[in-house]
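**Student:** Sequence:
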Amino acid sequence: MSPSSETARDGLRLVIVESPAKAKTIKGYLGPGYVVEASVGHIRDLPNGAAEVPAEYAGKPWARLGVDVDADFEPIYVVNADKKSQVAKLKKLLKDADELFLATDEDREGEAIAWHLLEVLKPKVPVHRMVFHEITKDAIRTAVNNPRELNQRLVDAQETRRILDRLYGYEVSPVLWKKVGPRLSAGRVQSVATRLVVERERERRAFTSASYWDLLGVFGTGRAGDPTDPSTMNARLVSLDGKRVASGRDFGPDGKLKNAGVLQLEEAGARALSAALESASFTVRAVERKPYRRSPYAPFRTTTLQQEASRKLGYGAKRTMQIAQKLYENGFITYMRTDSTTLSETAVTAARAQVRELYGAEYVPDAPRVYAGKVKNAQEAHEAIRPSGESFRTPAETGLSGDEFRLYELIWMRTVASQMKDAVGQSVTVRIGGLAQGADLPGRDAEFTASGKIITFHGFLKAYVEGSDDPDAELDDRERRLPMVTEGDALSADELTPEGHATKPPARYTEASLIKELEDREIGRPSTFASIVGTILDRGYTFKKGTALVPSFLAFAVVGLLEGHFATLVDYDFTAKMEDDLDRIARGETEAVPWLRRFYFGDESRPDEDHLGGLKALVTDLSSIDAREVNSFPVGEGIVLRVGRYGPYVERGERRADVPDDLPPDELTVAKAEELLDKPSGDHELGIDPVSGHMIVAKDGRYGPYVTEVLPEPEAPAAPAAPAAPAAPADGAKPAKKTAKKAAAKNGPKPRTASLFKSMALDTVTLEDALKLFTLPRVVGKHPETGTEITAQNGRYGPYLKMDTDSRSLETEDQLFTVTLDEALAIYAQPKARGRAAAKPPLKELGTDPVSGKAVTVKDGRFGPYVTDGETNATLRADDSVDTITPERGYELLADKRAKGPAKKTTKKAAAKKAPAKKATATKTAAKKTAAKKTAADGKTTKSAAAKATASAGAKNAADKA
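If you use this note's numbering, the sequence shown corresponds to residues 120 to 1081, in order.
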């Protein structure tokens, strides 16, 4: 049965895919005989909170997990609330269909979605599993003509991972809520990823920098140079009297030399040596030439695409996958979640043909290149990420633009380059020696080394050069030509410069380098890395400083607790071993249920051999966890950093000071902590208002410094006569008196509050200033013709006059107190300025955006500094500053802003629709509370259904990600 553009023979066929975009593309290839509809992702999952647990399971001790741990870990699946209408639509379409094709993605997750569709729809017509790795007309036709059965082994493997992640998240996350703070989460991979980032920061905190010196010489041949034979070369001092001069790699993290056999030059010695060598004679002592050969990089798999898009385009992993998804669904590239570097014969032929067409036959290797998979348990049935089709479209032929064009171009270049010849050339090392004359020198016989590289045939480098995570690294296509010299040639020292260096702490992870580290350690699956990085950012465990991932102090507390009480769960080898076990289950080499039982309950028969241990026992006894100790970190000199409910703070004795959320932990030194403690808190008394008698205070709030008055505590209203035997307040209920006081405060007078002017500071503001600020907004007078009141006000954009809906800006803040009615009328008599004021000059220029190709600058706007390329604007984040922002960070902010797209407007109609739902929820919750009270009255210890709903919903939202 071959699909065609005409109506399909033998009745109507329903094809179900995941996304509407994918459905639209495939529909165009199948024609009117097919109905193509999207499931819009997963249609069912484990319950999202107790409210979704089916009635027959409510009250079971395991119900909050959504997994019956006592019955072979049987999962409870429910149709997602937001998918019920879509499921109803699919069922309706299925009634008219004669065949059903499940065309979800070809990976484990796609297979699981297909299985869930089968379980929910319960079709009575023939069912086929339709798989493809690219969305082209030929690929879709082939897939329809060659369906297969559902792969139950893949389904079981995905289900085991889902159950494991639910158990981990729902059991461990509540421990974090109790001991660290609310809304935190733990996950099988995310917790290990967080630990990696925290450990790197610990290394940076413990790092001691070492200083060392050497000499950089410029040596001349005395000949006139040309591009192929330069007249000079740079060479660095490498040894003195046969003893190697220390470089950065010779020092340990403690700042000490790792090898006593090397010479550490001090500044004085380096300068003395430089002066002594100025009159020395230098000769070439050795010339070593070696052949240079560099082979092409393998085609992209998921993780290498994410890493390279980060290096070259400034995209985060999440953004990269969003763009790749669009390219795949619209038929431009093959499936983007793959751990294979294999290319099909069709793709190899297409790539070789394009190399021949664009670069010439001399760039095509004699035999096709084959790349062996480097990823453990890679699914080699998948292909690498490549342009789709039997012949590749060049980027210019796609009609793409913006981000999609840039990513397609990257994939296209990498694929074509993978089928090109090696780059070849010659590497050269020249050793130069000279004898110093003088006293008190660290050595006399000085030897310098120069390194060069000549590429004689560029091969694949004509098409593609891989980037590097190290900004100082030299890329593969860079040549360094040295003069043509031979052993014994005399050279002159044109320049000798002493250079000081300092060792640097290990670099923080970026998204790209963290993904590479996870992959190298075989932790998690490549397809999940983007979501893992997104999770640790969203949970506040890390934040970005430029492109670097910086752990928060909250992450230090969470990781410290996990290391202390759940050491095995965040052990790198253990997590990698779990991944091996899950792959063994996927291959059918071990059974899922016994493995899950050992993970959750442990195995007492072999405690020493069992690497799983038993999660249930770990989360049951928490008495050994000291919450205060978990959240405390000594800084030194009696100062302790604590992670509180409202953020980190430092403490010494009775003194406390908040720590900025964007302060990297390695920068919290004793000196910095003392600076924070000595800094005026801003919460200080200015004096008594002579009119009201209230104390006026200055404070530093989340929206900036302000002044306010302290009102006396309101009296609680007299309570009605109490019954003879009042019932004790329920668990967690507040005493009636306290509640009454709170209500009185809420309904009573509000304190006067005013923001400080930009020209004011917390430590200099006076009582007089505060009282003047309280007079705003000030009534200037009434318009003589209309009688409309004119007021002077201070707004978020500065001082202004307001008359009904007509606002006019004032030039200075002082005018708020001095502007007269006549002056105000004169301002209103002027035509209202239309459009924008003259553009301010940029604060900083960053370079050319890799996506738009336009100049990127930093400008000062009404909401603060922002980056712009003239089309897209992105406000600088809290951890960014005009002085330190890099071009890469600027491009990243713009890419993130483009990814979000325009803000969606919320219509009044939509808001009105939500109101009844709120009421219904309240009614349902009230009913459940009543049921819970009845249960408690019967002597059971079950918590109220409402409490369960809250806890489980929190667990789902905060913990259910691995």
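It should be emphasised that the hints constitute simulated quantities derived from the structure, not laboratory data.
Cβ coordinates follow ideal geometry from the N, Cα and C atoms, glycine included.
Any given hint could turn out to be false.
Each pair of labels, with its calculated beta carbon distance range [stated by the list, open to error]:
# : residue 1 : residue 2 : range
1 : Arg272    : Pro151    : 33 to 41 Å
2 : His813    : Arg915    : 23 to 31 Å
3 : Asp882    : Lys297    : 33 to 41 Å
4 : Tyr691    : Pro868    : 53 to 61 Å
5 : Leu782    : Gly989    : 48 to 56 Å
6 : Asp777    : Pro868    : 28 to 36 Å
Under the rule of at most 27 Å between Cα atoms (straight-line distance), these lysine-lysine pairs were calculated in the DSSO-like manner [stated by the list, open to error]:
#  : residue 1 : residue 2
7  : Lys891    : Lys445
8  : Lys818    : Lys901
9  : Lys214    : Lys437
10 : Lys635    : Lys696
11 : Lys214    : Lys241
**Student:** Are any of the numbered hints broken by this structure? If so, which, sorted upward?
**Tutor:** Those not satisfied are hints 5, 7, 8 and 9.
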